Amino acid sequence: MSLPHSPSNPTPEPRELLAQWLSDFEPPFASLLDTSGHAPERLLASMRYSALAGGKRMRPSLVFGAGQALGLGQPALFAIAAAIELIHSYSLIHDDLPAMDDDDLRRGQASNHRQFDEATAILAGDALQALAFEVLASDPILSQNPSAQMHIIREIASACGAGGMAGGQMLDLAAIDQTIDYRALETMHRLKTGALIRVCVTAPAHLTSNHGPWGAQLARYGEAVGLAFQIHDDVLDVTASSQDTGKPVHADAARNKPAFPSVLGMQASQAQAQKLCAQAIAELEGLPGDTHVLRWLAEYAIHRSN
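Under the working numbering, the first residue of the sequence shown is numbered 1, with each subsequent residue one higher.
Worth flagging that the hints you see were computed from the coordinates, not collected in a lab. Treat the hints with care, as some may be off.
Said to hold, decoys possible - The calculated label-pair distances, taken between Cβ atoms and stated as ranges, are:
| no. | residue 1 | residue 2 | range |
| --- | --- | --- | --- |
| 1 | Ala282 | Ser138 | 19 to 27 Å |
| 2 | Asp117 | Thr239 | 31 to 39 Å |
| 3 | Ala271 | Gln144 | 42 to 50 Å |
| 4 | Gln115 | Gly37 | 22 to 30 Å |
| 5 | Ala166 | Asp102 | 13 to 21 Å |
| 6 | Gln243 | Gly286 | 37 to 45 Å |
| 7 | Ala157 | Pro28 | 17 to 25 Å |
| 8 | Gly73 | Gly286 | 19 to 27 Å |
| 9 | Ala45 | Thr179 | 41 to 49 Å |
| 10 | Gly286 | Ile141 | 23 to 31 Å |
| 11 | Gly37 | Asn256 | 41 to 49 Å |
| 12 | Ser143 | Thr179 | 19 to 27 Å |
| 13 | Leu173 | Gln115 | 22 to 30 Å |
Stated by the list, open to error - Simulated pairs of lysine-lysine, BS3-like, Cα-Cα distance not exceeding 30 Å:
| no. | residue 1 | residue 2 |
| --- | --- | --- |
| 14 | Lys56 | Lys257 |
| 15 | Lys275 | Lys56 |
| 16 | Lys257 | Lys275 |
Every value quoted in this text rests on a predicted model; they were computed, and no experiment measured them. Glycine included, each C-beta is placed from N, C-alpha and C at the ideal position.
Using the sequences plus the hints, can you model the full thing?
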């Protein structure tokens, strides 16, 4: 598991805290994929290949950071973090498929359908998404608060459905060979990338007694960070190497897909990411807990090298 590299002039404490959180997260997360009833061995191997391939673990980090900002303990957050990471892993498998982005490389290794085969990859993605909701529905800590559990499940389902990640992917496919403006591109990525990032920080709020106001604040934080994250992803697609990112670069231009640098220009894209980062950090004022990790993650979203 790789920990995010520090942004410029980082405070070491948030990074060290994240290292500990993610170290505690990884073993029980991996154990979710140790066995799955009578799951065929090849299917389970495909699921593990993508879900346990490391990566930034940005989404669990956001869940734990939001929990800290709300004064929640890490055990109450595990199921949320694990479910969202399982969904993210499924989305990467499907995103790489020939019918989608047709990418051969992910996290520095062969994409799932290249390592296994296309049918197995599709089924592994399906199974990872199903496992995510099994984890949420069966978690003993969440089950102590059925109302919060229901709201969390519904919110995560919405974030990855037709009005969220899947809808954004549909818009992304429809935009190939098309000329679109900034607003259309923003809408697409608020769904495709931003919805799942937003729910990382809003779902924990349902475990508090003031989930309405605090959840609204965190939603605005998550929306800003999600869009900034995607803008920086598009910048890296132009400026970084495959060795840095662990995936193909110059992919948007090769497919004639709209991206923020091609729509706004490189300098304006970077300026917009900085603006969104500042907006996200401003939304953290007044939360009851420690917001240093969420501040660090907002900065990391626009300073990372992969």
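Here's how the hints hold up against the structure:
Between Ala282 and Ser138 the CB atoms are about 38 Å apart, so this pair departs from the stated range of 19 to 27 Å. At about 34 Å, the beta-carbon gap between Asp117 and Thr239 stays in the expected band of 31 to 39 Å. Between Ala271 and Gln144 the CB atoms are about 46 Å apart, so this pair conforms to the stated range of 42 to 50 Å. Gln115 and Gly37 have their C-beta atoms about 23 Å apart, which keeps the hinted 22 to 30 Å range intact.
Distance hint check: the CB atoms of Ala166 and Asp102 are about 18 Å apart, consistent with the given range 13 to 21 Å. At roughly 42 Å, the beta-carbon separation of Gln243 and Gly286 lies within the given 37 to 45 Å, and the hint holds. The given range of 17 to 25 Å is respected by Ala157 and Pro28, whose C-beta atoms sit roughly 23 Å from each other. Between Gly73 and Gly286 the beta carbons are some 21 Å apart, a value that agrees with the proposed interval 19 to 27 Å.
Checked against the given bound of 41 to 49 Å, the beta carbons of Ala45 and Thr179, roughly 42 Å apart, stay inside it. For the pair Gly286 and Ile141, the beta carbons lie near 27 Å from each other, so the given range of 23 to 31 Å is met. Separated by about 44 Å at the C-beta atoms, Gly37 and Asn256 satisfy the suggested range of 41 to 49 Å. In this structure the supplied range 19 to 27 Å is violated for Ser143 paired with Thr179, their Cβ-Cβ distance being about 50 Å.
Under the hint 22 to 30 Å, the C-beta atoms of Leu173 and Gln115, about 23 Å apart, fit the expected range. For a cut-off of 30 Å, the pair hint linking Lys56 to Lys257 stands: about 25 Å separates their Cα positions. For the proposed pair Lys275 and Lys56, the alpha carbon gap of about 23 Å is at most 30 Å, so the pair holds. This hinted pair checks out: Lys257 and Lys275 have alpha carbons roughly 24 Å apart, not beyond 30 Å.
Consistency note: the structure conflicts with the earlier hints numbered 1, 12.
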